[in-house]
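With the hints as your guide, set chain F onto chain R.
2 protein chains.
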Amino acid sequence: MTATATPAGRPADGRVARGDRTRAAVLSRAADIASVEGLSGLSIGRLAADLSISKAGVFAHFGSKEELQLATIRAASERFVAEVVVPAQAAPDGLARLVALLDSWLDYNRRCVFPGGCFFAGTSAEFHARPGRVRDELAAARRQWLGAFAALAATAVARGELAPTCDVAQLAFEIDALGTAANLHDQLCDDPGSYDRARAGVIARLRGDATGPHPALD
Amino acid sequence: MTATATPAGRPADGRVARGDRTRAAVLSRAADIASVEGLSGLSIGRLAADLSISKAGVFAHFGSKEELQLATIRAASERFVAEVVVPAQAAPDGLARLVALLDSWLDYNRRCVFPGGCFFAGTSAEFHARPGRVRDELAAARRQWLGAFAALAATAVARGELAPTCDVAQLAFEIDALGTAANLHDQLCDDPGSYDRARAGVIARLRGDATGPHPALD
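In order, the protein sequence lines correspond to chains R and F. So in the numbering used here, spot 215 of the first sequence is number 215, and the numbers just go up one at a time. So in the numbering used here, spot 151 of the second sequence is number 151, and the numbers just go up one at a time.
It should be emphasised that the hints constitute simulated quantities derived from the structure, not laboratory data. Treat the hints with care, as some may be off.
[Stated by the list, open to error] Restraint ranges, calculated between C-beta atoms of paired labels, are given here:
#	chain 1	residue 1	chain 2	residue 2	range
1	R	52	F	14	53 to 63 Å
2	F	169	R	218	15 to 25 Å
3	R	144	F	169	31 to 41 Å
4	F	159	R	28	49 to 59 Å
Glycine included, C-beta positions come from ideal geometry on N, C-alpha and C.
Looking at chain R on its own, in the form it has when it is part of the complex (with noise of 0.2 Å):
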């Protein structure tokens, strides 16, 4: 494809698509790098650097260190949705994909798809007390994480398998609380047994509000 200019004044696709690849090129990079180092160790002359493009190549996307940590975390939460989030929907709605969701989640902190853990507990942790947009989009990805949880506890009492009475914030705070432990744990202690651990206290949590015994549960 040539690269002339669109009647708009926006390049025609060829250069468009090269655009495209290398944006997610560097924040593929950039969300590698900020799980391990965080979201502040993030430099436009870093990036450039890594992948041999021009600080100015990679100034024209992001405009702003900020901007650049922005579209980090969007673009980790598009990995955390393909890498945990999307396996979890194979199995059926209720208390099944509550689990599936739980495994999914311990196995993606277990095989580090995220070099330095997971990409939402370090950057959550740098941010917590910084006010500002990054803060921000943070805590808009834990409301609605914590709020798939929910949503599938609850999708699990309509359908009888945990009981009425079941508070299902509560669960969703203890399941993300457990998992975000195991992770820290094995990162800071290098004790992969804690994702057995994670998953022995959720697993004991749900017989606890279960109605009766369940193949997710066994």
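Just chain F now, with coordinates in the frame of chain R:
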């Protein structure tokens, strides 16, 4: 007191005491900064400016950024022990002290003894994937913290308050997970109700392992 040199070449008491006060002031400020911006955010120049001390004066105490980070972790540990561990010692050993330690910890988070919330939650997430002495020091602090809950749970088992089947390491892992999640959730999502969620989760968990009613679980 005069600041003459002692026979051993060490400054006399007055100068030593001044040096100790400077060192304590630097570390207190460093721990506060690190709780918000991380240990990577520490700089000898900034600390000197904040405290109106010469950079050389700060440098003389620590020599390198890594030594400053390590000394900051130790100073934060001392503050943590004074604010969290010591108050809980007033409760009877076993289950009552375990719940007192939980309450004292949640209260320390709620009060923001460190302005950015729990010093250890933030800095452990920051350094979890960066091998070196700082990570080792934080990992040791984490093991000690989990060990404190496990030891209290073991005493509670020995006293017949918790069932002999109670897995004390698993219990300690879960208690830490819930309290850490509460700190993150409050800091990131401005939700102080998260401490009540964490407490409710731990108390329900303890009731499941308790041999019978206990005033600490009311």
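Do the hints match the structure? See the list:
At about 59 Å, the beta-carbon gap between residue 52/R and residue 14/F stays in the expected band of 53 to 63 Å. For residue 169/F paired with residue 218/R, a C-beta distance near 24 Å keeps the hint of 15 to 25 Å intact. For residue 144/R and residue 169/F, the hinted distance range of 31 to 41 Å is satisfied, since their beta carbons lie about 32 Å from each other. For the pair residue 159/F and residue 28/R, the beta carbons lie near 54 Å from each other, so the given range of 49 to 59 Å is met.
Hint compliance for this structure: no hint is broken.
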